[in-house]
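Please work from the sequences and hints to get the whole structure.
In case you want the letters, here they are:
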Amino acid sequence: DAKTTQPNSMESNEEEPVHLPCNHSTISGTDYIHWYRQLPSQGPEYVIHGLTSNVNNRMASLAIAEDRKSSTLILHRATLRDAAVYYCILYNTDKLIFGTGTRLQVFP
Amino acid sequence: DTEVTQTPKHLVMGMTNKKSLKCEQHMGHRAMYWYKQKAKKPPELMFVYSYEKLSINESVPSRFSPECPNSSLLNLHLHALQPEDSALYLCASSQDHPDTEAFFGQGTRLTVV
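Keeping their order, the protein sequence lines are chains A and B. So for the first sequence, the numbering used here puts the first residue at 1; every next one is plus one. So for the second sequence, the numbering used here puts the first residue at 1; every next one is plus one.
Derived by calculation from the structure, the hints in this document are not laboratory data. Every residue gets a Cβ at the ideal spot worked out from N, C-alpha and C, and that includes glycine. Treat each hint with caution, since some may be false.
What the hints assert, rightly or not - Here are some chain B residues pointing at chain A (derived, C-beta under 10 Å): (1) Y33; (2) Q37; (3) K41; (4) P43; (5) E58; (6) D85; (7) L90; (8) S94.
What follows is the structure in structure tokens.
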């Protein structure tokens, strides 16, 4: 299973942009890059995914490096409700394997 | 309906008990998953069902027995568990294609005494 590497934790102030990095140097051509987040005492929640091109949705943006060996999840304006563990996952066949994730703290 | 519903939310069981966890989705998803999550750790994949057939067992001990009675339901039967099996058990479903999102339930918090 291809692996991802993320910083253990990051901090942000409310209403500031947040860039969450993920390295996946062993990514294969058919791996999709998925991001999920888990708020305290809840199940993981889908955020965004992509293959090669940058993606935007109502929650976030995903910037994928040209060689696909890294990606960045962008929260444009962090709110207190965005405090969570963010997981970057390579999804290929039928396995969705979680890495260690980044714990994001948001300060008022 | 974009929900994955897990019951019960909390379960306390003795080491000699037999219990079952239930998961239900009505999104027409053909893949369903069981994960185990210990405190402050990421979810660990246990089982994957694809089209109601077990496709992946991540070397899970036999005291955990999954069952997929139909395309909407997924059960996890528990027997002779150990205290170290106490964890949050998460169910998920998806269209079984990496270009689609997975949906997770809120989990069952299991305590083995």
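Right, here's what the structure says about each hint:
The closest approach between the C-beta of Y33(B) and any C-beta of chain A is roughly 7 Å, which is under the 10 Å cut-off, so the hint is satisfied. Hint on Q37(B) holds. Least Cβ distance to chain A is approximately 9 Å, under the 10 Å limit. For the restraint placing K41(B) at the interface with chain A, the shortest Cβ-Cβ distance is roughly 8 Å, inside the 10 Å limit, so the hint holds. For P43(B), the shortest C-beta to C-beta distance to chain A is roughly 5 Å, which falls under 10 Å, so the interface hint holds.
Hint on E58(B) holds. Least Cβ distance to chain A is approximately 9 Å, under the 10 Å limit. Below 10 Å, beta-carbon pairs count as interface contacts, and D85(B) has none with chain A, the closest being about 19 Å; its hint is therefore violated. Checking L90(B) against chain A: minimum C-beta separation of about 5 Å stays under 10 Å; hint holds. Hint on S94(B) holds. Least Cβ distance to chain A is approximately 8 Å, under the 10 Å limit.
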